[in-house]
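As you go down the protein sequences, you meet chains A and B in turn.
For the first sequence, the positions run 62 to 320 when our numbering is used.
For the second sequence, the positions run 62 to 320 when our numbering is used.
To be clear, the hints were calculated from the coordinates, so they are not data collected in a lab.
Here a beta-carbon is modelled for each residue, glycine too, at the ideal position from N, C-alpha and C.
Watch out, some of these pointers could steer you wrong.
[Claimed, not checked] Beta-carbon label-pair distances, calculated as ranges:
1. H307(B) - D237(A): 30 to 40 Å
2. S100(A) - P78(B): 30 to 40 Å
3. A239(B) - T265(A): 47 to 57 Å
4. S315(B) - L279(A): 28 to 38 Å
5. D237(A) - P78(B): 50 to 60 Å
6. V120(B) - D259(A): 47 to 57 Å
7. D123(A) - T265(B): 43 to 53 Å
8. Q311(B) - D259(A): 39 to 49 Å
9. E292(B) - S100(A): 39 to 49 Å
Number of protein chains: 2
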Amino acid sequence: MKNPLILVTNDDGITAPGLRSLIEFMKEIGDVVVVAPDSPQSGMGHAITIDNTLYSKKVIIDKDKGAPAEYSCSGTPADCVKLALQELLDRKPDIVVSGINHGSNASINVIYSGTMSAAIEAGIEGIPAIGFSLLDYSWKADFSGVGRSAKKIVQEALTQGMPRGTVLNVNIPKTDGAEPKGIKICRQARANWREKFDRRKSPTGREYFWLTGEFELLDKGEDTDIHALSEGFVSVVPTQFDLTAHHAIQQLNSWNFNE
Amino acid sequence: MKNPLILVTNDDGITAPGLRSLIEFMKEIGDVVVVAPDSPQSGMGHAITIDNTLYSKKVIIDKDKGAPAEYSCSGTPADCVKLALQELLDRKPDIVVSGINHGSNASINVIYSGTMSAAIEAGIEGIPAIGFSLLDYSWKADFSGVGRSAKKIVQEALTQGMPRGTVLNVNIPKTDGAEPKGIKICRQARANWREKFDRRKSPTGREYFWLTGEFELLDKGEDTDIHALSEGFVSVVPTQFDLTAHHAIQQLNSWNFNE
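This is chain A alone, in the form it adopts within the complex (with noise of 0.2 Å):
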């Protein structure tokens, strides 16, 4: 049989710790790919570039460990799996993943998450996707614990097949190389973030603003991801583009617009 063919790619750019870790994992079930945007795109959501040039090029970043082609390009997330799958591949990926994302895309975080908008791109276009992200920030994260849940997600997501419709977000408890205490099914947690805006003069009197804020939990289920990584397990949501309500079409038709 043929080896499965592994699209990655990533928001924190192509030379990100996660990343490197994310491709070495997927060598082992796996041909891998790999088209990565060539800077960090944290925070840019489901961003693509419409209003500017696209540069992409064949790179090496890591001639042992890395994979036997992987390019680099200018555009967010979502551009590079466009890109990939319609110029960069010559056949359509068994399977796109995105990550492992530094830091956390559990619970609202799914909706501003780069990582995430690579997985939902290529769910869009038909193509089973997973984002996985460790909840630790650093740079220097230790991912050594993260391969065994990685590859069984994706081992599992190959077999089965994704629930129609759907992409996986799964998130992975900080456990300095130990093994998570297992793997959960969970909802995406109810939460915001509470922003505070840092106010600051430039040196030259004007007015900036750094936004900060506090990550807050509204959401006391047991069921939801948030839960599931304080108590040391993988979270994984299954996460949809269909954005429709449609628990709340009726209360709406009740809505009197056209008198």
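Model the placement of chain B on the given structure of chain A, informed by the hints.
Chain B alone, transformed into the frame defined by chain A:
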């Protein structure tokens, strides 16, 4: 009774005719404050600015037809909403309206939409929110037929309150000034973009790409936004930011992770 406070934003930038029209419509309903990007942000998805500074300043774009208070912001639509709520407004707005976008945000376009990301950001913060888009990409689009529908929808939202965890994605057919046939509650049509990259060479010989593509409808349902728009109706899709594919959780629980 106090006038409702209406925050108006968009992704085409603070000078866009669609925004200027929306301000005029909303001034008939309540007190309007504008916080909008200082330059076009189309295709920004739900991007936020975390690795860069944000600037904001009070501006007067149109002394007569504008709002009493308008601010431009160097960030994305989601940044504008965060900054408005946290730093610029005296009190929580009763509703946030975004648009009117020059071009469709129906169907899968919602995923890439800066207009909708502003609405979703407000929804996450628990504020009723609506994104408006007109199916006309032209900067000179005729917004005169849009006012009656837009005002009706905002008034109903203020009266009825928004279904929990949802915002509204409103798309308006191009009617060149005429009234749409009515308003329909819909679901998001299944579709994708069939990408094409236009490969070119720069004057110095470097290869680059432009992202282009064609919208591909994969859905023949008569309850979709695309169908309503094709029949001349305004489409209203309740849109959620809990991306969990709840129906897929059971299926994923049959996957074999933990042996």
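Results of checking the hints against the structure:
Range check, H307(B) to D237(A): Cβ separation about 33 Å, and the 30 to 40 Å hint holds. Between S100(A) and P78(B) the C-beta distance comes to about 34 Å, which sits within the given range of 30 to 40 Å. In this structure, A239(B) and T265(A) meet the distance hint of 47 to 57 Å, their C-beta atoms being roughly 51 Å apart. The supplied range of 28 to 38 Å is met by S315(B) and L279(A), whose beta-carbon atoms lie about 30 Å from each other.
Remark: the range hint 50 to 60 Å for D237(A) to P78(B) is upheld by a beta-carbon distance near 55 Å. Evaluation of the 47 to 57 Å hint for V120(B) and D259(A) yields a failure: the beta carbon distance comes to about 23 Å. The hint said 43 to 53 Å for the Cβ distance between D123(A) and T265(B), and at roughly 29 Å that hint is violated. Take Q311(B) and D259(A): their Cβ atoms lie about 44 Å apart, and the range 39 to 49 Å holds.
Evaluation of the 39 to 49 Å hint for E292(B) and S100(A) yields a pass: the beta carbon distance comes to about 45 Å.
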